[in-house]
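Novice: Next come the chains, spelled out residue by residue.
4 protein chains.
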Amino acid sequence: MSPESTARSIDLNSDVGESFGAYRIGADADLIRHVTSVNVACGYHAGDPAVMRETVRLARESGAAVGAHPGFPDLVGFGRRELRASPREVEDMVVYQVGALAAIAHAEGVPLAHVKAHGALYNMAARDRALADAIAAAVKSVDSSLVLFGLPGSELIRAGEAAGLPVAAEGFADREYQPDGSLTPRSKPGAVIHDAAAVVRRAIGMIAGGRVTAIDGSELSFPVDTLCVHGDTPGAAELVRQLREGLESQGISVRPIGRRAVRA
Amino acid sequence: MSPESTARSIDLNSDVGESFGAYRIGADADLIRHVTSVNVACGYHAGDPAVMRETVRLARESGAAVGAHPGFPDLVGFGRRELRASPREVEDMVVYQVGALAAIAHAEGVPLAHVKAHGALYNMAARDRALADAIAAAVKSVDSSLVLFGLPGSELIRAGEAAGLPVAAEGFADREYQPDGSLTPRSKPGAVIHDAAAVVRRAIGMIAGGRVTAIDGSELSFPVDTLCVHGDTPGAAELVRQLREGLESQGISVRPIGRRAVRA
Amino acid sequence: MSPESTARSIDLNSDVGESFGAYRIGADADLIRHVTSVNVACGYHAGDPAVMRETVRLARESGAAVGAHPGFPDLVGFGRRELRASPREVEDMVVYQVGALAAIAHAEGVPLAHVKAHGALYNMAARDRALADAIAAAVKSVDSSLVLFGLPGSELIRAGEAAGLPVAAEGFADREYQPDGSLTPRSKPGAVIHDAAAVVRRAIGMIAGGRVTAIDGSELSFPVDTLCVHGDTPGAAELVRQLREGLESQGISVRPIGRRAVRA
Amino acid sequence: MSPESTARSIDLNSDVGESFGAYRIGADADLIRHVTSVNVACGYHAGDPAVMRETVRLARESGAAVGAHPGFPDLVGFGRRELRASPREVEDMVVYQVGALAAIAHAEGVPLAHVKAHGALYNMAARDRALADAIAAAVKSVDSSLVLFGLPGSELIRAGEAAGLPVAAEGFADREYQPDGSLTPRSKPGAVIHDAAAVVRRAIGMIAGGRVTAIDGSELSFPVDTLCVHGDTPGAAELVRQLREGLESQGISVRPIGRRAVRA
Chain S
132 MSPESTARSI DLNSDVGESF GAYRIGADAD LIRHVTSVNV ACGYHAGDPA VMRETVRLAR
192 ESGAAVGAHP GFPDLVGFGR RELRASPREV EDMVVYQVGA LAAIAHAEGV PLAHVKAHGA
252 LYNMAARDRA LADAIAAAVK SVDSSLVLFG LPGSELIRAG EAAGLPVAAE GFADREYQPD
312 GSLTPRSKPG AVIHDAAAVV RRAIGMIAGG RVTAIDGSEL SFPVDTLCVH GDTPGAAELV
372 RQLREGLESQ GISVRPIGRR AVRA
Chain V
132 MSPESTARSI DLNSDVGESF GAYRIGADAD LIRHVTSVNV ACGYHAGDPA VMRETVRLAR
192 ESGAAVGAHP GFPDLVGFGR RELRASPREV EDMVVYQVGA LAAIAHAEGV PLAHVKAHGA
252 LYNMAARDRA LADAIAAAVK SVDSSLVLFG LPGSELIRAG EAAGLPVAAE GFADREYQPD
312 GSLTPRSKPG AVIHDAAAVV RRAIGMIAGG RVTAIDGSEL SFPVDTLCVH GDTPGAAELV
372 RQLREGLESQ GISVRPIGRR AVRA
Chain A
132 MSPESTARSI DLNSDVGESF GAYRIGADAD LIRHVTSVNV ACGYHAGDPA VMRETVRLAR
192 ESGAAVGAHP GFPDLVGFGR RELRASPREV EDMVVYQVGA LAAIAHAEGV PLAHVKAHGA
252 LYNMAARDRA LADAIAAAVK SVDSSLVLFG LPGSELIRAG EAAGLPVAAE GFADREYQPD
312 GSLTPRSKPG AVIHDAAAVV RRAIGMIAGG RVTAIDGSEL SFPVDTLCVH GDTPGAAELV
372 RQLREGLESQ GISVRPIGRR AVRA
Chain X
132 MSPESTARSI DLNSDVGESF GAYRIGADAD LIRHVTSVNV ACGYHAGDPA VMRETVRLAR
192 ESGAAVGAHP GFPDLVGFGR RELRASPREV EDMVVYQVGA LAAIAHAEGV PLAHVKAHGA
252 LYNMAARDRA LADAIAAAVK SVDSSLVLFG LPGSELIRAG EAAGLPVAAE GFADREYQPD
312 GSLTPRSKPG AVIHDAAAVV RRAIGMIAGG RVTAIDGSEL SFPVDTLCVH GDTPGAAELV
372 RQLREGLESQ GISVRPIGRR AVRA
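Protein chains in written order, with this note's numbering: chain S, 132 to 395; chain V, 132 to 395; chain A, 132 to 395; chain X, 132 to 395.
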């Protein structure tokens, strides 16, 4: 048995608060009840102050840990398009967004627990150390106890560790991986896995086994501290329910990583 | 001698950090050295994260108190156009903006001292109690020690007092007033006073005498705790220098109201 | 029988193309098949270039006349909040938006047929002649054969007539009216009528009878050339189907007003 | 003497209309009098409807040809940051922007003459044929007589030719070039040449000699139809005056390429 297989607990996180004005997206009210951490959009790629506040309220009612989900200032592209911003620009925009959410959460009596970059920013920072350092510096300057999420083995995780931040390695059970551990881009066919049983199987493989199968069939060592569950798919809440059952049947408990259990 | 004439100190504030991206506006570096408090735009009507950070640095170097200057989300209108947002929308957008600046200031080791609403938001809240209450609630939920700026006798001052916030009555030495104490709108001829000597004379009248002459010639009782100096006019820095000399010659000291002296 | 009751044809229009980026709103594909004119959002209050183009294609396939639906630059407020823009600003922003849509429609081989202002802009221009004149001037400067939509008896209709534009008086079968013929604001309880049978009944009353009952029970003379059907409600397509059946049973044909039949 | 040296006329173009709301940038009123073509920002990276209209008026008064200057939707980055938009997104956003300006120009009685992509969009399309084709398709769908500007030998020029558009090869006299003919990025030291005499010398070398010296000292064959003069530098108008004198002393006339002379 590999050392990675000893995980006895896992955090389930979801990207929420991505509605905007009159536009609704996701099924936050349903989903938030099933996860342990939520990543709240901060108004750049999605979300607005009213949506942020309502989302924090929902998380508080469900006991989910609240984190910030900063992205590029690209509402029409939903933060999924790469933007060649400088590390300095990225640092400042992350401080801005995390600070805005921190104030809204504070107004609702909720502390921030973690930060997870969104979309293209997350993926660029996984491989670009300068951007990763910028994000880590931003998070540290707001609150050095915030947990920084990133792909296992990514530059973002390394930057967080170098900055002295608590970090959490994140798996995506409904996404295919490249052989190098990066996410297969959404633009590629098959990048998103829609079969619920397959998603649950992959999740349990990551959490209990510390491994995942890449898109080319190779096996990756892939220890995770938190698992992302997407809420913008039909049946998301049901999927999370199945996942929790599957994990609990293996003696793995589901609990937030931020503000409680932080990866050493 | 009237009770208002006993002021022995005054805060000089200025709206700064209103540049945006490649666009420069104002003469912040010059001006910040001459005032005691600065109101930093927060990205909605003006400003961006990089400008906000640079502005906070300038203020720190000069020892000026740093406050937030939240406005309507109307960059093309510079926040000067009335927008019929609901009190709830206003509350949330103020928390968002103040929180964003607070984080940036914190990253630079600077505490926030006060909040001054910008442009149309400031003027609407001067007469609309529901909006004024929304702003006061927003400020209080971020930090109840922040000083709320407003026109003397305005709903904004009353809302701040009702919320238990420290408040500061603000005068504009380069603007004409209506007989009811509201600002003459910028769209009206003569609303902005460009003659430096007249500006200095009016400032000293407000501060030392607690009075100002309205646009119709009537005399208003007008005690002020802080005086706004505009930086987007040529010669602004020189004007502030003259003003400080004039005040000091009357034994009135110039010092920040926030984080040090708060109106009882 | 009153003179207004002689209408033998009616245009059915709907506000469409209000999705934005990843955000979907409305049921355009269903709805467009049932109406004769569509009002396409132009990127200020809703819509983006890709959505605009897709919407024009859907309209072309269904044979619906395509019009522009310009609004205030307020995406988060969906153009429903009053913004105190000057007539000059309104004129320029309407030219900009109509021109952008005209080019996209041209790229799809579709001519523009009409212009209908959106939300707060529509309602402000119903009572403010300077804004109404600004909109009429904008439309005329793009193409003087475009039909300008407005509330019956509104300043917008008067401005269009004064500018020599063809105009179309518009009714809203699912909205309550004030005694003065203006729309009851959405913020008021009961402003939107959800009962399908009532909507159909009101529509037939406006079209065949030239009358509508205001919210206080008074009867208004209300001749209409075009009737707005909302697509953002469940069952919208079914409602339109019932409405067309009801109209046809009274010998009233449904056909576009723009590019074909223009009110004298 | 090389065949490229036979150019007896040149177009001088400048990027203008980049002010936004209360923000002023450039010295348009001065500069427009000295060039033969202007590229007007369209509201995405800079410009707003009021600025666009005022800029068209200035161009009309000076007799300069008016073209569109579409860019990425990145106001805070001034369109200078690469954004990984898809070719389809680029095509639609270019149609939108060109159409918006075309309507504003039409309202002022001015026809559009050309299109020049801005900043990062221009540079990405110089080397990415799919983006170049998207821009060419957009321009063609608006008006197939519009002249498409691009770097000599770039994919943008090739795409324009393939689409059957008239094209114009553009030189930048105040920018250094890489050995492959692309612009040295602004982020590199020395990328922008500030010495007026050097700028004039390089301009005349390109126009009269069809050659330019790259940053590594190599000589590039560089025939140009139009030369870009930047207006955001002090002394821009004076520089253009010197340039025109230098050209005229060599018998080279300065005149617009669009709507009059189009490269075969």
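Hints in this document: simulated from the structure, not taken from any laboratory. Certain hints may be false.
Footprint (simulated), chain V over chain S, 3 or more residues, beta carbon under 8 Å [said to hold, decoys possible]:
1. 180-189
2. 218-227
3. 235-241
Listed next, with one range per pair, are the computed distances between beta-carbon atoms [said to hold, decoys possible]:
4. V:276 with S:313: 26 to 34 Å
5. V:322 with A:155: 23 to 31 Å
6. X:192 with V:386: 30 to 38 Å
7. A:242 with X:261: 45 to 53 Å
8. A:325 with X:191: 20 to 28 Å
Here are the computed lysine to aspartate or glutamate pairs in the DMTMM-like style, where the Cα-Cα straight-line distance is at most 20 Å [claimed, not checked]:
9. S:271 with S:292
10. V:271 with S:311
11. V:319 with V:292
12. V:271 with V:259
13. V:319 with V:307
14. A:319 with A:307
15. S:319 with S:185
16. X:319 with X:307
17. X:319 with X:213
18. V:271 with V:307
19. S:271 with V:259
20. A:271 with X:347
21. S:271 with V:292
22. X:319 with X:274
23. A:271 with A:259
24. V:271 with S:185
25. S:271 with S:259
26. S:319 with S:307
27. S:319 with S:292
28. A:319 with A:213
29. X:319 with X:292
30. X:271 with A:307
31. X:271 with A:185
32. A:271 with X:307
Cβ coordinates follow ideal geometry from the N, Cα and C atoms, glycine included.
Novice: Quick one: which hint numbers does this structure break? Sort them smallest to largest.
Specialist: 4, 5, 6, 7, 8, 10, 11, 15, 18, 19, 20, 21, 22, 27, 29, 30 and 32
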